[in-house]
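Trainee: First to last, the protein sequences are chains A and B.
The first sequence begins at 92 in the numbering used here and counts up by one.
The second sequence begins at 92 in the numbering used here and counts up by one.
Honestly, the hints are just simulated from the structure, not real lab data.
Hints may contain errors.
Because identical chains share one entry, a pair is satisfied inside a single copy or across any pair of copies.
Simulated pairs of lysine to aspartate or glutamate, EDC-like, Cα-Cα distance not exceeding 20 Å [unchecked claim]:
id	residue 1	residue 2
1	K166	E222
2	K236	E153
3	K163	D233
4	K235	E143
5	K235	E169
6	K176	D146
7	K163	D185
8	K192	E133
9	K166	E150
10	K115	D185
11	K163	E108
Number of protein chains: 2
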Amino acid sequence: MPSPTKEGTETSATIEETRRFSPKFGPDGTLPAVAVCATTGEVLMLAYMNQEALDRTLETGEAHYFSRSRGKLWKKGETSGNVQKVLELRTDCDQDAVLMKVEMVGSPAACHTGRRSCFYRVAPIGETNGELRFADAERLFDPKKVYGK
Amino acid sequence: MPSPTKEGTETSATIEETRRFSPKFGPDGTLPAVAVCATTGEVLMLAYMNQEALDRTLETGEAHYFSRSRGKLWKKGETSGNVQKVLELRTDCDQDAVLMKVEMVGSPAACHTGRRSCFYRVAPIGETNGELRFADAERLFDPKKVYGK
Numbered sequence: 092m093p094s095p096t097k098e099g100t101e102t103s104a105t106i107e108e109t110r111r112f113s114p115k116f117g118p119d120g121t122l123p124a125v126a127v128c129a130t131t132g133e134v135l136m137l138a139y140m141n142q143e144a145l146d147r148t149l150e151t152g153e154a155h156y157f158s159r160s161r162g163k164l165w166k167k168g169e170t171s172g173n174v175q176k177v178l179e180l181r182t183d184c185d186q187d188a189v190l191m192k193v194e195m196v197g198s199p200a201a202c203h204t205g206r207r208s209c210f211y212r213v214a215p216i217g218e219t220n221g222e223l224r225f226a227d228a229e230r231l232f233d234p235k236k237v238y239g240k
Numbered sequence: 092m093p094s095p096t097k098e099g100t101e102t103s104a105t106i107e108e109t110r111r112f113s114p115k116f117g118p119d120g121t122l123p124a125v126a127v128c129a130t131t132g133e134v135l136m137l138a139y140m141n142q143e144a145l146d147r148t149l150e151t152g153e154a155h156y157f158s159r160s161r162g163k164l165w166k167k168g169e170t171s172g173n174v175q176k177v178l179e180l181r182t183d184c185d186q187d188a189v190l191m192k193v194e195m196v197g198s199p200a201a202c203h204t205g206r207r208s209c210f211y212r213v214a215p216i217g218e219t220n221g222e223l224r225f226a227d228a229e230r231l232f233d234p235k236k237v238y239g240k
């Protein structure tokens with residue numbers, strides 16, 4: 092394994108093989124973070140982290156994200172109570188994305204719409220303008236009650 | 092379920108509950124696409140799609156991405172032969188990400204480093220500057236042989 096590299100001298104091979112965690116944030120200062128259920132492996136959501144959100148997540152073991160629309164840090168579950176306990180955090184080959192194995196505390200629903208996963212609609216293969224089909228779309232909580240809207 | 096909405100009049104609730112697929116690409120014209128193994132559910136990779144890559148994927152049932160670094164469309168497996176057959180494609184609540192269940196054709200390795208998954212390094216929880224640990228990092232092919240570099 093190559094030694095940790097000096098700032099500014101990294102090649103793609105060193106980024107891929109180093110033990111040094113140097114996350115590569117995008118132009119807006121964020122990177123995508125995918126949360127999967129630690130028990131079943133199913134993908135629950137994809138949101139974004141900036142450096143602060145990533146640091147808070149690593150420090151506390153609870154998922155923090157950065158809301159690109161609201162321009163602020165948020166802790167998952169701060170309103171709903173549905174905190175994500177992070178059992179494992181991985182980075183990918185080019186260190187511009189992270190993957191977390193999480194345990195949902197409170198409701199098993201990770202999506203703010205009340206569903207288990209944010210990925211509750213399927214686009215048909217074989218056509219480019221097909222209609223979405225709802226799948227695994229049962230609501231586990233009422234978002235109006237939880238978020239008051 | 093609300094009826095499909097007119098362009099420009101969509102609220103977040105209609106985007107979340109519509110059957111109309113209107114993917115929301117970022118400022119650079121791409122959105123993140125997560126590929127998971129259709130059999131085991133494990134996350135293999137996260138890459139990006141622009142409209143063309145998404146259309147080609149839906150039309151052909153084989154994963155196409157847009158390389159942000161090279162600024163071009165690429166079909167997964169065009170060099171390595173390790174095509175991803177897309178069995179299902181989902182979008183998320185706000186339609187700015189996609190999730191695919193894929194079957195790897197050829198090698199089971201989805202990562203260009205020769206590994207099964209791009210997520211082969213774990214960052215320690217409890218510290219913000221910890222060293223990465225390699226996990227599930229066995230190479231299933233030699234990238235030098237496959238890509239000639």
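Trainee: Each of the hints needs a verdict: does it hold here or not?
Mentor: To see whether the hints hold, each was checked on the structure:
In this assembly of identical chains, K166 and E222 lie within 20 Å of each other by CA distance neither inside one copy nor across copies; the values are 34 Å within and 24 Å between. Taking the shortest Cα distances, K236 and E153 never come within 20 Å of each other, neither inside one copy (24 Å) nor across copies (41 Å). Neither within a single protomer nor between protomers do K163 and D233 lie at most 20 Å apart by alpha-carbon distance, with minima of 25 Å and 42 Å respectively. In this homomeric assembly, K235 and E143 never come within 20 Å of each other (Cα to Cα): the closest approach is 29 Å inside a single copy and 37 Å across copies.
For the identical chains of this complex, K235 and E169 are intra-copy neighbours only, at 16 Å inside a copy versus 47 Å across copies, given an alpha-carbon limit of 20 Å. When the C-alpha separation of K176 and D146 is checked against a cutoff of 20 Å, the pair qualifies only within one copy, where the shortest distance is 14 Å, while the shortest distance between copies is 36 Å. In the homo-oligomer, the alpha carbons of K163 and D185 lie at most 20 Å apart only across protomers (18 Å), although the nearest pairing inside one protomer, at 25 Å, exceeds that limit. Proximity of K192 and E133 under a CA criterion of 20 Å is satisfied in both settings, with 10 Å inside one chain copy and 11 Å between copies.
In this assembly of identical chains, the alpha carbons of K166 and E150 lie at most 20 Å apart only when taken from the same copy (13 Å versus 38 Å across copies). In this homomeric assembly, K115 and D185 come within 20 Å of each other (Cα to Cα) only inside a single copy, at 8 Å, whereas the closest approach across copies is 24 Å. In this assembly of identical chains, K163 and E108 lie within 20 Å of each other by CA distance neither inside one copy nor across copies; the values are 32 Å within and 25 Å between.
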